[in-house]
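Student: Working from the sequences, and respecting the hints, build out all of it.
Going by the numbering used here, the first residue of the sequence shown is number 1, and it counts up by one from there.
Straight-line distance between alpha carbons at most 20 Å, and here's what the computed EDC-like set of lysine to aspartate or glutamate pairs gives:
#1 K211 to D181
#2 K189 to E214
#3 K105 to D77
#4 K189 to D252
#5 K211 to D221
#6 K54 to D76
Keep in mind the hints are simulated off the structure, nothing from the lab.
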Amino acid sequence: AMAQCLDAGYQAVLMAPTTVLAVQHEQTLAALFAPLGVDVALLTGSSRASERKKINNRLHSGTLRLLIGTHALLSDDVQFSRLGLAIVDEQHRFGVRQRWALTEKGGAIHLLAMSATPIPRTLALGLYDDLAMTVMRGMPAGRLPVETRVLSAQGRGALAAGIQRLLDQNAYCYWITPRIDDDDVSVMKRAEALRGHFPHAGVQALHGRMKAAEKNQALADFTAGRCRLLVATTVVEVGVNVPEARLIVIEDADCYGLAQLHQLRGRVGRSNQQAYCVLMPAPNATAAAVQRLQYLVQYHDGLTLAELDLELRGSGDAMGVQQSGVVGFRVLDWMEDAPLIRQAHTQTVDVSLPPVMRNFWRPVSDAVD
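Tutor: Written out as structure tokens, the structure reads:
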């Protein structure tokens, strides 16, 4: 899509939610476009003022046609000469206004939003026909579905033994907690405890309050094997690709949505070896919350989980910025009536009907417009 856009004389931009992921995209695209003589630039919040000014000048003059970046792309000073395509990777990590802001940096800009787990509002917009949905089913060649289990606190002894077996096989492990400090279910406390259990695993902590250099060093140590047990918050949810990682433990898993849990699970199983995901609900988790986690055990397809998320959380406001919750239809149910909604897009209006009936049978997309 980017190549076609550039060939037509336009500029293209790709926005990612983290610097780590943006850097990966920049490196990949730079290698792909180098034979075509196309420069690729990277703009993040840590870009120096001089580099930022240089990029903005080249964008405005049109000499820079392909830009990769993070939320820094949304700044008012980032102006394009002729933007034709905006791509938002991991779109579930951005707010509605942030996605709109990128498409407002020009006229009639095409938008491509990508995610392994679309948020409920995105699925609803697909039903409204406001978004054209392209679904990529299946897994990359050679990969196995991640075996997922829900484990109670009583099973921690077996979990420790399982972690040790994997470490003995030179595998890497993630341990995800919802908080940075303050209580036992936190990155710092959990890292300290795990160092005592696995002294030879090089246990390290990773969270959003760390400086960029510290985060990069922790990820580099994990990638190189100097650290084989990484305790982190959801900062590793996207953009971290370590094929040797075969286990992810998610503590207080009931705190997260299905989409986020599926994204976290995607950090493992990135090789041809069997990987595992252990979901540990909080001790005070409700029966309904624990039952919801069973969906991750049953399903490995991100779109299926997104549809379940839509059913559980609601679709949000298609005309506004609310990304979940009940819309308030009196007779329409998103899940049960989805085939009927899709069918409505293909129907033609019988002009012989009375005006009131012609209005009633308008396609949904027309009604929204």
